[in-house]
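Engineer: Under this note's numbering, read the sequence shown as residues 1 to 393, first letter to last.
Worth flagging that the hints you see were computed from the coordinates, not collected in a lab.
Heads up, some of the hints might be wrong.
[Stated by the list, open to error] Ranges of calculated distance between the beta carbons of each label pair, as one might list FRET restraints:
1) D168 with R228: 21 to 31 angstroms
2) H376 with H167: 42 to 52 angstroms
3) D130 with V329: 33 to 43 angstroms
4) S322 with R243: 41 to 51 angstroms
5) P6 with M261: 22 to 32 angstroms
6) E330 with S307: 25 to 35 angstroms
7) D356 with P384: 12 to 22 angstroms
Positions of the beta carbon are idealized from the N, C-alpha and C atoms, including for glycine.
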Amino acid sequence: MKPKKPGINTLCTHHGELEDKEFHGAISPLYMSTSYAFEDVDQKRYPRYYNTPNQEALCKKIAALEHAEDALIFGSGMAAISTGIMAFLEAGDHIILQNLIYGGTYNLIVRQFEKFGISYSFTDSLAPEDFERLIRPNTKVVYIETPSNPMLTITDVRAIAEIAKQHDLVSMIDNTFASPVNQNPIDMGIDVVIHSATKYMGGHSDICAGAVATTKEYRDRIHDMGIRLGGSLSDYTVWLLERSLKTLGLRVQRQNENAMMLAEYLEANPHVTKVYYPGLPNHPDHELAKAQMHGYGGMMSFELDPSIDPVAFRKALKLIKSSMSLAGVESTVLSPAETSHALIPKEEREQYGITDGLIRFSVGIEESDDLIADIHQALMQVVPEIVEMSNKS
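Taking the hints into account, I'd like the entire structure generated from these sequences.
Structural biologist: Right under this line is the structure:
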């Protein structure tokens, strides 16, 4: 019988652990040193070189989870994105990006790349042919994000990876919203997978980190750029992230289940006009999501009836926090127009559905019935006709 490959929860729990050779503890020891011996050693270790014992161990776990040859960790998701992209571009090069991406990535491209002499193009749609028609002789990278933040659109990962290979381009994906539990882009041909590890990988709203998973060759290029840019992750945060990853599979599975229940509730609610969640059969990209994802994730966005003040609704929630960031064990909501996408011109973001009334919902691991009850009680406080009836009584 062939040896069985470890399952996701086994990898999360055991892969990439540091052995405590002195006291034989059950978890990885923490090496806080920033200064290591340099004589008569196999390598010169330094936190900014991404090669401390804890950094190396965590990278093995992340690489295994993403089915990659190697990985690197960074001080934030944007450090991973900027270092990853810049490792493959120089003055005179061109990059293609999909039209719906995280606001931080958008601002990096639009506000900085012209200063570096790098040109860029955003697609008009997510159709693969839209990416291909933008290719120029100096194009070096194609960059996608799926599911996208905050509209939960789905890009055809296999098609984009194939186009990139045909034209000798580096394909990159922001896999944050999916997590390695729900989507493994390297298996579909993508070269470089990026995560804001602050989100699902960390999962407890207590660390800021980023990760890149790729081939050993591309890892070395990104590593060289990373040493220059200096975006490495402290060992204590590395240790916390390794701890968090042990429950990644369990957390995400629960968030998948809760999100589906909440999406179905919101879709049927008369006070909600739109729900953006790829797990719903009427989502325009549902079949594509089903083909390339193992689960639909814990993120969604929705719009309330125009008569309802979205700010008042968010403030009326009791269990669900109105809070920045996403993917923690606790459920949160926010307005992308006021936070993650605030620096994108209003006219431009509204073209993609990011209105002032759009609410992004990060579903946590609470009991789904409690989350539904919280949304219901909040609506009862802000739906105009219900408020009016309450005032009369």
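Engineer: So, for every hint listed, does it hold in this structure?
Structural biologist: Hint check:
1. Range check, D168 to R228: about 25 angstroms between beta-carbon atoms, so the 21 to 31 angstroms window is met.
2. The hinted range of 42 to 52 angstroms is satisfied by H376 and H167, whose Cβ atoms lie roughly 51 angstroms apart.
3. Roughly 37 angstroms separates the CB atoms of D130 and V329, a value that falls within the hinted 33 to 43 angstroms.
4. Remark: the range hint 41 to 51 angstroms for S322 to R243 is contradicted by a beta-carbon distance near 27 angstroms.
5. Range check, P6 to M261: Cβ separation about 30 angstroms, and the 22 to 32 angstroms hint holds.
6. In this structure the hint that E330 and S307 lie 25 to 35 angstroms apart at CB holds, the actual value being about 29 angstroms.
7. Against the hinted window of 12 to 22 angstroms, the Cβ-Cβ separation of D356 and P384 comes to about 18 angstroms, which satisfies the hint.
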